[in-house]
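K.L.:
Turn these sequences into a full structure, and let the hints guide you.
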Amino acid sequence: MDFVLDHLLTFILFTPALVGAVLLFLPKEEKVLLRWVALVGSLIPFALSLVLWFQYKGGRAFDEHYLWYEAIGSSYHLQVDGLSLTMVLLTTLLTPLALLASFSITDRVKAYMILFLFLETGMLGVFLAWDLLLFFVFWEIGLVPMYFLINQWGSEKGEREIWGGRKIPARTYASFKFMIYTMAGSLGLLLAIQMIGVAAHTFDFGALFQYWPKMTTLDSVGPLRLSIPTVKIIAFWAFAIAFALKVPVWPFHTWLPDAHTEAPTAGSMILAGVLLKLGAYGFLRLVLPLFPAEAQKYAGALAFLAVMAIIFGAFAAFGQTDFKRLVAYSSVNHMGFVVLGIAAAAYVGGTGENATIALNGAVLQMFNHGLSAAGMFFLVGVIYERAHTRDLNAFGGLFPLVPIYGGILLFTSMGSLGLPGLSGFISEFLVVRGAWPIFTVYTALAMIGLLFTGAYVLKGVKKVLHGPANEHWEEHGLAEINFREIVVIAPLMALMLWIGVWPAWILNVINTTMRALFQ
Amino acid sequence: MTTETLIWLLPLPPLLAFGLIVLFTNRWKALSHSIAVGAAFLSWLGSMVVFFRAIGIEHFGSEGHVFEASIPWLSLGEGVFKIGVLIDPLSAVTLFFVAWTVLMIFIYSVGYHNFGQPKGDHDHAGLPPHGTTVSDKHGHTHKIPSIEPMYARFFAFIGLFAFGMYTLVVSDNLLTLFVGWEIMGLCSYLLIGFWFAKPSARDAAVKAFMTTRVGDVFMLLGVAYLYSLTGTLNFREIFFNEHTLEVLATTPALGGFMGLSAAGLIGLLLFIGAIGKSAQWPLHTWLPDAMEGPTPVSAMIHAATMVSAGVYMVIRMFPLLSAGWVEGGALTPAMTAMAIIGSITALFAATIAVAQNDVKRVLAYSTISQLGFMIAALGIGAYVAAAFHLVMHAFFKALLFLGSGSIIHGMEHGVLHTGDHIDPQNMLNMGGLRKKMPVTFVTFLLGGLALSGFPFVTAGFWSKDEILADAFANNHLVVFGVLALAALLTAFYTARQITLTFLGEPRTKEAEHAHESKWTMTLPLVILAVFAVAAGWVGTPVKNLFHDFVGGTLLEHPKALPFSEAIIPMVFSILIALSGLFLGWLVYRNVKAGQPDPLEKPLGGVYTFLKNKWYFDQIYDFLFVRPAAWIGEVFTSKWMDLGLIDGILHTVARVAVSIGPILRNYFDKPVVNGFGDFVGEGTKALGKRWRVLQPGRVQLYMLAALVFAVGALFYFIFR
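Protein chains in written order, with the numbering used here: chain B, 1 to 519; chain Z, 1 to 719.
If you're looking for bench data, these hints aren't it; they were derived computationally from the structure. Only true hints are included.
Derived pair list, reagent style DSS-like, types lysine-lysine, alpha-carbon separation capped at 25 Å:
#	chain 1	residue 1	chain 2	residue 2
1	B	K167	Z	K638
2	B	K297	B	K214
3	B	K157	Z	K638
4	Z	K518	Z	K435
5	B	K157	B	K167
6	Z	K435	Z	K592
7	Z	K638	B	K462
8	Z	K509	Z	K143
9	Z	K143	Z	K29
10	B	K110	B	K31
11	Z	K509	Z	K592
12	Z	K143	Z	K198
13	Z	K29	Z	K198
14	Z	K82	B	K57
15	B	K462	Z	K198
Nothing here was measured: the structure is a model prediction, and the numbers come from that model.
P.N.:
Structural data, given as C-alpha cells:
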C-alpha cells in the first residue's frame, strides 16, 4: 500500500492504459465483460485521485522524479498542485461517467473502450507532467484516440459541403479538422519546446519557472544565432497559438462545433469536459509563468478575443437548429470566460487581489464547464439515441412524455446558464469581479454574451420540452431516461449543486495555488 | 432557539418542500400540497416570531440592535467572503408581508387548482384543466371543473419561489440577495410557463426571463464593482461606514464614465437590475405577459415576491444610491434616474391600464404603475414612504390578484355550464357578479379602494399620500404632478374594473351562472382584506409608527414630515381618489352586453394606442428580438463561422490540396520520376546494347579471347 501511495501519480496516470492493455486480451464478442472491465478499471484512477485529493495539503506535492532521457536533460517528472489536482479530479471523474454513457455502443466495443482508456492516460499525463517533453508526449497521445473516436464512432448521418459542391461525410470532415488544427498547434509547440530545451538545458518545469523568465543571455546560441528576446517571443507565440487552438479562442473555434457535434456522446463529453481544458491549462501552467512579460504585453488582445468568443459563441449557439451544435457552441461561450480571467490576470502580472480572483474564477470555470458541458452533451445523447434526430424543430412538447428527463434537462441547462445556486454562477461571478477593474470595457461587453447565454439555453429548453403536445412522439413513444443514464448524470448534478452552494472545498484548493502561480 | 438561528432556518422549509415533492411525493396530490402549505406555515410562524421580537427591541436597527450572524463561505485571495443573515427594520417589515402573502397564496392555490375535483376528460399535462363530465342521479350530465394535471409540480415550484424570496430578504449581503433574486427569476420562468403547452405561455416565460436578465447582467456588474471597491458586499459594513460611503461618493467612476462617481455608477447599475425585476419602463413588457401563468403565480410575482424584490433591493441600497446627498439638496444621478423612470412608469402604465379589458391585465399594469410610485418616491429621497407603499401594495395587490382569480374561477364555472367558448377573463363579459360572489366582491372592493387610495380607511391611501406629501413638501413639483395624475388614473381604472365586473347586471349567460369559490380561496381573500384596510393605520401622519420603526434602518434616522405640511397634499390625495373613483363609476355604470368600451369612440386613436400598450412589444420585436435572431442565425452562424472563418480554412485546405497535383505534375513526375526513369531506362538501354557481347556462346568468347590475344601480341611486338 505504501508503494501505491508513494507512486500515486504514476498509478493514476497508467492504470487506464494498463486496463486498456488488459482489454486487448479479452475476446471481442464479450461486450458486457469489456464494458464492465473498462468501467471498473476507470474507477480505480478515480478512487486514487480521491485519495490524492484528501491527502493533498497545499503547495506542490507528490513529487516523482526519475531519469528518462538523460542525454537531452528530460526526465520522468510528475507533480501536482491545486490547479492540476482539480483537473485530474475532473478527468478521472468524467471518464467513468463517459464510459458508462458508452454502454449503449455496440459496434467494436473492444477497440472503443481501449481507445477511451488510452485517451484518459493521455489527458492525465498532460495535467501531471512536470517536464516539458513529457508534457508534449502526453499532449500528442491524447489526440490520436480522439481522432479515431470521432472518425469511427461518430454520428453516421450528415454531410458537409467543402468546396465546389463536393460533399464528404460529416464525421470524416470533423475528425480531420480536429486533427489538422491540433497538429498545427503541436508543430509550433514542439519547436518551441526544443528551443527552450536547447537554450535552458532543462525541460523541468520547476527549473524553468525559476530561470526562464529572468534569463537574459543565451549560453548556447544554436545554429540560427537567435537572441534571447527573439527566442522568447517565438516560443511565446508557439505556445500561445497551440493552446489557443485547443481552448479554442475565437476565431480558431470552428473545429469545435464540428468535432463536438459529430463525436459519439461520450466523446463529446470528454472533448468538452476535459480536452478543451488542456488549452486553458497550458496557458495557466506554461504561458503565464514562463512568459509573464510577453503575456502582459498581449493580454489586451487575448481579452478581446475572449470577449468575442463570449459574445459570438452565445449568438452562434442561439442561431443553431441542431441541439448538439447549440450545446457545442455554448462551450465557446463558456470557455471565453476562462480566457478572460486568464487575460486579466496576465495583464497585471498575476499579482494583486483582482488577478487572484480572476484566476480563481477561470480555474473554477474550467471545472464547472466540465460538469455542465459533459452533462448537456450526455442529455443530448440520451434524446438522440431515442429519437435519432437532433433537429430542434422536430422536438417540442416532450415534457409530458419524459418528465424525469425534462426535469434533469432543466436542471443541467440552468447549471449551464450560470444560475446562482449552481456552480457556473460562482465561477462566472469571480471572473467578472476579477476582470472588471482590469478590463472594464471588455467585461461590460461580455455581459452581452451572458445575456444571450440565457437566450440559447432557454431556446434549447423551449424547443425540446415546451410547446404544444407533440403528436409524432406521442404516437411513436419516447422512452423515459433509464436508470443507467440517471447514474451517469446524477454525480454531475450533485456536484453542480454542491459547488454552487458550498464552493469552499474546491475553491480553497484553487485559491492557494493561484496566489502562488507566478512564483 | 436564538433569533439568529431561527432566521437561518426561515428559507429552508419551502426549499425542503420543493425537494420532497420533486423527488418523492409528486404522485400524491394531497400529500404534496400538505407539505408545501405546511412549509409555508412554518416559515410564516418563524417570520412572525422574528418580527415580533424585532419590534419589541428599542432602537431596533441601530448599531448592535439588529439580528445578524454570518459564516465564512469561501476564501478569495487574501480575504474571506462571508455570507450571513440580517434582520433590520426594513427586512423585518418585508418579512412580515412576505410571510403573510406567501402563506395566503399557498392556501389559495389548493382551491384554485381544483383540489378535490375529479380528473379531467381530456386534460393534458401542460394545459389548464378543461373540466370533466359527471352525471347526477337523475341522469343529467354536467360539466364541472377538473383538477390541475400537474398539481404537485405547482406546489413544488411555488415552494422554490418562496425559498428564493425568503433568502433574498434575510440576506446580509448583496451576493446571496442576488442568489435569491435569480432563483426567483427561474421560478417565475417555470411558473409563467407552467402551462407550457400553450405557445403564448411558453413565449411569455422566455420573455420574462430574458427581459429581467437584461437588468440582471447590469446588476451583476454593479455587484462586482462594489465588491472590488469595498472588498465586501455586506450591507451594514458598507452602509454603516460613513468613510466607505464618502470614498465611494468621491471616487470617480472607472474611466470617468459620464463624470459619475463610483457610487453613482454602481447605483445606476444596480438600479437597472431593479428596472428589470420590478418591470419599470422600459423593461416593463414582460410583466403583463406574465399573466399567462396561473393566477396564484401572478399574485406571487406581483405582490409577495418577484417585483417587490426589485424595489426592496433599491430601498436596501438607498444609502449607496444617495451617497453624497443631503436631505433637501440636489439629487444624486442615481436618484434622479429613479425619480424620472419611476414617474414615467407610474403614469405610462396607468394610461395603459385604462384601456385593458382583461381583468388580470388591468391589475398587471396597475402593478407596474404602483411600483413606479415606489421607485419615484425613493428617487426623491422618500425612503420610508417607498418602503411603506411596498408593504401596503403587497397586501392589496395580492388580494386583488387572488380576487381576480376567484372571479375567473366563477366565470369558468359559467363557461363550463353553458359550453360556449367566451373569454372568462374579459371584463366586458362580466357584470353583476356582486350577487353571485359576495365574498369575492366585498374583498375585491376593499382591495380596489386601497389601490385607488380611498381616504382614511384604506392602507393604500396612507402610503400613497405619504409619497405625494414628500414630493410636495420637498418641492419636487414635477414628480408630484405626474404622480398625482397617475393616482387619478389609478382610481379611475379601479372604479372601471369594479363597475364592469361586479356592478350592474350580468352581460352574459356565463356571468349569470358564476358562483362563489371555495373557502380555501375566499379565506385568504378575507385575511388579506383585513391587511389591505388596517395595515395602513400604522403609518398615518398623526402618529407614524411605521416611519419610526423603518427609519431606523438608516444610519441617520430620516425626519418624518410634520403633520402641518402634510395637510395640503392630503387634501389633494382625497380629491384625486374620490374624483377618479366617481368618474370611473360614472362612465362604466351602464355598459350593456355587446357594447364596446364607452371611451373607445371619444378617445379614438388614443384608445387604440393605449389598448396596444403604446406598441412597445412591436417596437422591441423590431429593434431587438428580430435583429438578435438574425445576428445569431445568419450573421454569426452562416456568414462569420461557416462563411468567413471556415471559408478561409477551406481555402487553405484547397490550396494545400491543389498544391499536391501541381507538385506531382510539374516536379515529381518530370524531375523526380524523370530522373529515376532516366537512370533506370538508361541503364536498361545500355544493357540492351551491350547484351550482344554476352550471348553465352563459348566459341564467341574463345574468338574474342583470340582476337584480344592477337591484338595484344601486335601491340607488344610493334610498340
